[in-house]
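Enquirer: Residues per chain are reported as follows:
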Amino acid sequence: MSDLKILIVGELNQNNELLPVTLQLTSKTAELTKDIPNSKIQVLIIGPRIIYDSITEQLSKTGADEVIITNDDILREYNITRYNKVVSEIVRKEQPSILLFGATHRGRELAPVVTTTLETGLTADCTGLDIIENRLSATRPTYGGKLNAAIYCKTFPQSATVRPNVFKINELPEPKNTNVKFDWVDTFNSDVKTNLIEVINETARNKDLENAKIVVSGGLGMKSKEGFLLLEELAACLGGVVGASRAAVDAGLMPQSAQVGQTGKTVSAKLYIACGISGAAQHIAGINSCDKIIAINTDKDAPVFKYADYGIVGDAFEIIPQLISELVKIKK
Amino acid sequence: MKITVCIKQVPDTNDITWNENNTLRREGAESIINPYDEYALETALRIKEQVGGKITVVSMGPKQAGDCLKEALAMGADRAFLLNDRYFSGADTSATSRTLYYAITSKLKDTELIICGQCATDGDTAQTGPSLAQRLNMPVVSFVKDVEEINEEYILIKKETDTGYERVKMQLPGVICVLKNDFEVRIPTISQRIDTADKDIEVLDAEMIGADADKTGFRGSPTNVSKTFRPAGRENSEIFVDKNAQEAAVILAEKINEMRL
Chain A
0 MSDLKILIVG
10 ELNQNNELLP
20 VTLQLTSKTA
30 ELTKDIPNSK
40 IQVLIIGPRI
50 IYDSITEQLS
60 KTGADEVIIT
70 NDDILREYNI
80 TRYNKVVSEI
90 VRKEQPSILL
100 FGATHRGREL
110 APVVTTTLET
120 GLTADCTGLD
130 IIENRLSATR
140 PTYGGKLNAA
150 IYCKTFPQSA
160 TVRPNVFKIN
170 ELPEPKNTNV
180 KFDWVDTFNS
190 DVKTNLIEVI
200 NETARNKDLE
210 NAKIVVSGGL
220 GMKSKEGFLL
230 LEELAACLGG
240 VVGASRAAVD
250 AGLMPQSAQV
260 GQTGKTVSAK
270 LYIACGISGA
280 AQHIAGINSC
290 DKIIAINTDK
300 DAPVFKYADY
310 GIVGDAFEII
320 PQLISELVKI
330 KK
Chain B
0 MKITVCIKQV
10 PDTNDITWNE
20 NNTLRREGAE
30 SIINPYDEYA
40 LETALRIKEQ
50 VGGKITVVSM
60 GPKQAGDCLK
70 EALAMGADRA
80 FLLNDRYFSG
90 ADTSATSRTL
100 YYAITSKLKD
110 TELIICGQCA
120 TDGDTAQTGP
130 SLAQRLNMPV
140 VSFVKDVEEI
150 NEEYILIKKE
160 TDTGYERVKM
170 QLPGVICVLK
180 NDFEVRIPTI
190 SQRIDTADKD
200 IEVLDAEMIG
210 ADADKTGFRG
220 SPTNVSKTFR
230 PAGRENSEIF
240 VDKNAQEAAV
250 ILAEKINEMR
260 L
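Residue numbers (numbering that gives the first Met the number 0), protein chains in the order written: chain A, 0 to 331; chain B, 0 to 260.
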């Protein structure tokens, strides 16, 4: 018997590969429970009848104690009625005390339907997780990122959707001896009322930005499209990608797909350089998990400096060209 | 087509300020219709223009939320309900969806399509719509970018996914949660405002919608805020205020080099 059972609802992409957010959640919960005796992390995989060995291996390395596979060809396509039935039945059987989903488009649609079916509470789009006395404390930004709220759920399972890329995937020194369990839920006769007609892929949906190691971002302070060309140059020199604040996107300087922040992309780069960005809370919410943040801004009171590891009070238009030539010098 | 649109009144996020104890300073903060809900109503109005029908807007909130419903009537909604009871306050998404469920099953039984905004700009949970659908035992499609076709039996939707779009056919009655669309939301004309100024907002309390008051509001909410705090800044920030461009560039180049990227 385990005192603390956590069930993570895994998500697969169209090629039946695990999304990073599932591994991020496994890794984070493994870290949170490492000193809790009798804790158990289960990951639920829902998909067609194929071999899931490589997924199981990935999950062993990140800390899953058990992988529950419900494979049925009828589950190849996501259908909310069928997936809800699978998750709810497995939760009723396994009785986890904590239930987690990735806050992907699918997760944010499925989770509230599942938790309403189970009559339990749900915290949305969390950016922080903690376990205090075997209970979940989930943190999320509210009011456009201006305030963080820690949410406690008094019903079980305590449930949350967690934003992708806020946690890192840390492989354990030794993979866990993960148990693999097959289960099956009959969804053949489910009263399905939605039908998928067509899938339209859009590969350029700035996956680049979310996975980039280095991001150079600009705000209204970059003034024009030409200003962003300067950032392109710096990004090219560093091997990075260009992003933008909401204000810059609203002003038409960059496309919506480049927007970083609570209503745009969450980035988890090793280095984030914010140029001419004042640092509205909603922007900070999208960059806070970056390893190092550099800010360049003419206004010494700009809030962005509070969140920067290194800040330069100065004009990005003067500093960036000089920085590029210094970086080229070092490269040589 | 009988359409119900769920509307939330939210503070204008752009002018939010905080009290010392991290509670919202309500004085001076302008309240607006949640921008996603404006698109929900605009979507409903376009469907009505196309296939005919009747639009009812529903909001749960304090008396002042009636202002948003007035605005919705001026935009072209036919009827407005305000769910207002002291028991309803402090609700999380679960209790909110339950209260809406009581209202719809008691007053709007013949609803064929429910439209919600994808999320509200204050809470940004995106949970109330799908949760409501499940309580009503209706199907739901969220992240809806466009309604392509609608008739008495089904609705054909283009929805956003993590990797692009999907086209989904949903049987009615059902619930859709809409994103902002490419179209503009209409602004009522002065004469539309005058014409609808006297229209009644029907105020409903727990008893009138047959709600078990203990299952609504704070008491009916499984989740509570246990504490609030401002996002933390970085420790050991090094801010250089008086370097010229050349000096600044040298410092940054060194720091970046040390990161060994």
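Because the hints were derived from the structure by calculation, they are not lab data.
Using N, Cα and C, we set each Cβ at its ideal position, and we do this for glycine too.
Be aware that a few hints might be false.
[Unchecked claim] Each computed DSSO-like pair below joins lysine-lysine, with the alpha-carbon atoms no more than 30 Å apart: (1) K291/A / K226/B; (2) K254/B / K212/A; (3) K153/A / K167/A.
[What the hints assert, rightly or not] Quick look at which bits of chain B chain A covers, simulated, 3 or more residues with Cβ under 8 Å: (4) 64–71; (5) 160–166; (6) 216–222.
[Stated by the list, open to error] Now the in silico label distances, taken between C-beta atoms and shown as ranges: (7) F187/A / A196/B: 27 to 35 Å; (8) K212/A / K198/B: 29 to 37 Å; (9) D290/A / R229/B: 20 to 28 Å.
Enquirer: Each hint: holds or not?
Expert: Taking the hints in turn, this is what the structure says about them:
1. K291/A / K226/B: holds, 28 Å
2. K254/B / K212/A: Roughly 16 Å between the alpha carbons, so the hint for K254/B and K212/A holds.
3. K153/A / K167/A: holds, 28 Å
4. 64–71: violated (count 0)
5. 160–166: holds (count 7)
6. 216–222: Coverage by chain A holds for the segment 216–222 of chain B (3 residues, Cβ < 8 Å).
7. F187/A / A196/B: 27 to 35 Å: violated, 55 Å
8. K212/A / K198/B: 29 to 37 Å: Given range 29 to 37 Å: violated, Cβ gap about 57 Å.
9. D290/A / R229/B: 20 to 28 Å: holds, 22 Å
Of the numbered hints listed earlier, those contradicted by the structure are 4, 7, 8.
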